[in-house]
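Given only the sequences and the hints, what does the whole structure look like? Please build it.
Start counting the sequence shown at 3; every next residue gets the next number (my numbering).
Keep in mind that the hints were calculated from the coordinates and are not lab data.
Yeah, the Cβ is synthetic: ideal placement off N, Cα and C, and Gly gets one too.
Subject to a maximum C-alpha distance of 27 Å in a straight line, what follows is the list of computed DSS-like cross-link-like pairs (lysine-lysine): (1) LYS157 - LYS197; (2) LYS97 - LYS68; (3) LYS77 - LYS97.
Now the in silico label distances, taken between C-beta atoms and shown as ranges: (4) PRO121 - PRO45: 48 to 58 Å; (5) ASP250 - PRO121: 40 to 50 Å; (6) ASP139 - HIS231: 17 to 27 Å; (7) LYS77 - PRO45: 11 to 21 Å; (8) PRO45 - PRO99: 16 to 26 Å.
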Amino acid sequence: METTFRLTIGYHGTPYAGWQIQPDQPTVQQAIQEALTRMLTRPVTVIASGRTDSGVHAVAQVAHFKADTAIPAEKFQDALNSMLPESITIHACDKVPETFHARFNARRKRYTYRIINRPVAPAVSADTFWHIRNPLDIAAMKQAAAHLQGTHDFKAFEGTGSPRATTVRTLFEACVHDHGQGLVTLTFCGSGFLKFMVRNLVGTLVDVGLSRTTPDEFKAILESCNRQHAGATAPSRGLFLVRVAYEDTPHAPREFTDSPLYPAGLWLGPC
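And the structure:
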């Protein structure tokens with residue numbers, strides 16, 4: 003009888019062309035599936051909560067796979083971590099009910115985008131933030147981001163080819179936070195996200211921070227449902243999938259508890 007296993011996965015996205023398997027390009031899904039196939043000597047399909055784009059990182063992506071095996075969950079975690087490259091870590095593996103589906107059962111996701119806002123950027127971890135030299139107006143960005151909370155049609159921030167039945171999504175949180183020393187994070191917690199939606203939101207909010215767009219104009223862009231009115235897509239390197247929630251509990255406002263194990267500005271608590 004097949005058992006369903008849930009994986010909690012962290013990965014540094016720079017070496018990969020995203021999560022989903024693609025011809026002739028390294029992907030996170032391919033690396034994990036190949037390791038599981040070697041373990042089980044049969045093909046295995048790993049399904050994630052959602053795709054991440056090329057260069058996007060994850061702190062706690064969630065995925066599942068099914069296998070007819072007596073191998074315990076903790077052995078899968080140990081074995082996979084010994085087989086996978088250092089850029090991918092299995093933080094947890096546990097058995098779940100056969101009805102669990104990493105994508106369809108997800109209730110909320112939280113993404114955080116990191117910006118270094120100072121004239122000279124640090125060389126270390128340069129592929130985990132967007133370097134913006136000119137000063138950002140954080141107050142204006144916060145004012146604009148406040149328009150995003152609630153249920154809206156986010157078509158103005160949708161990337162081409164987005165697989166969706168509707169462009170309406172609910173954001174429980176849209177937060178801009180200045181951590182000091184040039185680190186700025188933008189965090190979005192929502193019921194779901196369109197293709198490139200977070201990066202398009204970030205690019206347009208940066209336009210607000212650089213005084214190219216006002217907070218009122220940002221609201222008008224949201225209401226226009228016209229992608230041509232929004233800003234450029236932010237680079238993928240600053241984006242992190244931080245958490246996927248499966249509980250039907252109310253959204254809890256976050257608090258910052260930076261960890262030395264993760265890049266500053268990421269928070270791992272409940273969505």
